Amino acid sequence: MRRTVLQVLGLGLLLAAPDLARAEQDHLVGVGYRSLNINSKQDKQFAFHSFDFAYSMYVGRRWGFSTIVDVGMPLGAKEGDEKVKVTELYAPRWTGDVFAAATHRIAFGTQRFDVMLGVHTGGIQLKSADEFIPFQHMSFGVGFGGRYAAEVSDRIIVHGSVVTAFDFVDFVHGKDLRSAFTVQAIVGAGIRLGTKRHKIMDTARRRDTEAPGDTITDDVELDRVRRTP
Amino acid sequence: MRTHLRALALVLTGTTLASCNTGPYPSLGQPIDILQTIGNAPHVSFLRAHDGRLELLIVAKADPDVPDSQALFVYSSVGENESVNSWAGTWEYNEDNASLVLQTETLFVKPDEAGVDPIQAGGSYSEEDNTTFIIVYTPTAEELGAEEVFNGGVGEMADDWLHLDDVLKAIDPSTQDGAEELFSLVYATTYTVLARIPSFGGAGMIQYTDPGGTFNSVAGGTLHVELSGFTNPENFLIYDGYSDLSGVVLDGSQNNVSNTKGVGYYYGTLGFEIRSYLPLEEPGDTAEPPVENSQEEPPDDTGEPPVEPTAPYSGEPVFEGEIFFGNRDGTNSVLLEAPLPSGGAFKFTVDGERYEIEARGFTVRTLNGLLEELAAEEGSEE
Chain A
1 MRRTVLQVLG
11 LGLLLAAPDL
21 ARAEQDHLVG
31 VGYRSLNINS
41 KQDKQFAFHS
51 FDFAYSMYVG
61 RRWGFSTIVD
71 VGMPLGAKEG
81 DEKVKVTELY
91 APRWTGDVFA
101 AATHRIAFGT
111 QRFDVMLGVH
121 TGGIQLKSAD
131 EFIPFQHMSF
141 GVGFGGRYAA
151 EVSDRIIVHG
161 SVVTAFDFVD
171 FVHGKDLRSA
181 FTVQAIVGAG
191 IRLGTKRHKI
201 MDTARRRDTE
211 APGDTITDDV
221 ELDRVRRTP
Chain B
1 MRTHLRALAL
11 VLTGTTLASC
21 NTGPYPSLGQ
31 PIDILQTIGN
41 APHVSFLRAH
51 DGRLELLIVA
61 KADPDVPDSQ
71 ALFVYSSVGE
81 NESVNSWAGT
91 WEYNEDNASL
101 VLQTETLFVK
111 PDEAGVDPIQ
121 AGGSYSEEDN
131 TTFIIVYTPT
141 AEELGAEEVF
151 NGGVGEMADD
161 WLHLDDVLKA
171 IDPSTQDGAE
181 ELFSLVYATT
191 YTVLARIPSF
201 GGAGMIQYTD
211 PGGTFNSVAG
221 GTLHVELSGF
231 TNPENFLIYD
241 GYSDLSGVVL
251 DGSQNNVSNT
261 KGVGYYYGTL
271 GFEIRSYLPL
281 EEPGDTAEPP
291 VENSQEEPPD
301 DTGEPPVEPT
311 APYSGEPVFE
321 GEIFFGNRDG
331 TNSVLLEAPL
341 PSGGAFKFTV
351 DGERYEIEAR
361 GFTVRTLNGL
371 LEELAAEEGS
381 EE
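These protein sequence lines map, in sequence, to chains A and B.
Using our numbering, the letters of the first sequence correspond one by one to residues 1 to 229.
Using our numbering, the letters of the second sequence correspond one by one to residues 1 to 382.
Keep in mind that the hints were calculated from the coordinates and are not lab data.
Facing chain B, according to a computed beta carbon distance under 7 Å, are these residues of chain A, among others: (1) Ser40; (2) Gln42; (3) Lys44; (4) Ala77; (5) Glu79; (6) Val84; (7) Leu89; (8) Ala129; (9) Phe132; (10) Ile133; (11) Pro134; (12) Val172; (13) His173; (14) Asp176.
Take a look, some chain B residues computed to stay more than 12 Å from chain A by CB distance: (15) Thr37; (16) Ser69; (17) Thr104; (18) Ala146; (19) Gly221; (20) Gly271; (21) Glu322.
Label pairs and their calculated CB-CB ranges: (22) B:Asp129 x A:Gln45: 17 to 27 Å; (23) B:Asp240 x A:Lys85: 30 to 40 Å; (24) A:Gly80 x B:Val66: 26 to 36 Å; (25) A:Lys83 x B:Glu377: 58 to 68 Å; (26) A:Gly80 x B:Asp172: 55 to 65 Å; (27) A:Gly80 x B:Asn81: 28 to 38 Å; (28) B:Gln120 x A:Lys85: 27 to 37 Å; (29) A:Phe166 x B:Thr260: 23 to 33 Å; (30) B:Thr260 x A:Val31: 35 to 45 Å; (31) B:Gln120 x A:Phe168: 12 to 22 Å; (32) B:Thr131 x A:Gly80: 19 to 29 Å; (33) A:Arg155 x B:Phe230: 40 to 50 Å; (34) B:Thr260 x A:Tyr55: 30 to 40 Å.
Given the structure is predicted, the values throughout are model-derived calculations rather than measurements.
C-beta atoms are modelled at their ideal positions from N, C-alpha and C, and glycine is treated no differently.
Produce the entire structure from the sequences given, and follow the hints as far as they go.
Written out as structure tokens, the structure is:
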């Protein structure tokens, strides 16, 4: 299964490669909410809710590569139907995720909508000073996500992302993990780099202004503009 | 692009390297030490050799300092490669059947994971258990019943169980064989606790990085476990008034340094003192049961010096000494190939005499020979 995941990821990167030479880059930071649900083979169910800080990036054009890295602090948890006050029982406690994905970017003017498919790894660590057994989890799986980013001024963008991931490889508890399901929502802001593209976009906008109705809506059109002397 | 591929490779490599086995998921808020200790309750211990295993039983009365407390027991069985099963629960004396009825609540397991890479080993774990053990105990006088269990165990315990005092009487530590038997007895009590330390012996030991974990022993005192470092982890086991068998008290440390394959060495010194329930008498003497709560007798007004208390385990040590595992730099050390000692020698000092006990192939079940001999003698007397 791991091999298949890597093959899919590799294919995505190969698809993205030709476009990366004229890449635009988004670097974004944000805050988010994350829900992690763990099912063990011993029929234990855990649910964690956390507040996260995230860094999200995209590099590419129509096809590209995205990474979302986040760290956070669990604020609430349930085991089965029973609420557990993790904030009182455990310290330090943290959670972290990495999502790396092949991405297809759809452009609407200065707005972008990204569809991401890739691999996910995430973990949680709850420690207690000498009183409770630490709770640790780290797993690996596949993820799917969407991101909306809009340029609000020159190079400044705002974004919102939703990622869902299904993990099935257990790194910590032998083979006790049945599945781990993560849902993550992030909002934030960042910058868009890629000088060449911006110059092209500026050119396109000028032409658009000079010839109303000739709106540049996607990368194909953008390439046409770029080829125009 | 290269940077991102590198980052991806790093993430995948990191997660693969992080792959280890800390055993099944614990419950949230699960206490690290779930053993209910016997506190200040009077207690007594028995031993036996059974199916090639060394078995230790400690039974206690209800704790007089704790309202509504129950009579507790811990029954530990040490098997192949010093694996341990340890049951804890409550017991009562059934007068109709003249037997101790042990009702278990928790089973602690240190599994036999010899040959398993430590990073893949699950280590110790516990689970709820509901087993009943029945041990026939015939008191010398009918009216004594359960009370007599605490009066030196002069009645007959079935199934080859031997009162600890009887075993101590039979050990002659002035010989190499006797020293090895005494060493086995002392060292066995360091294994029984390992079953109660979640993930002990497995990759989950990483949970005991600073501040580590402190575990109560059955009859008072503690064991502190702490791990330092990852590539060559140093594992500290610090005993403080630790007692997992009545009257056998350990103080000191038994540490080890090993690589991630569990190959390394031990170091540290572990002191021990062994007190009998009653002062050990010469053969032919009669041991009088101690007076309950004799420490609380009001001082007499005669002006005479007060009488020394004769509470159980309060007398002079029957045996005392230390186990030297080696120096911190690895010199003169007992070697380790997890989970067992693999070379070198334990330096065992008892009552001023020093013996070297070869570590490779040593097992605490060395004591079984003596226990089987004593059980056979008791059987033939009947």
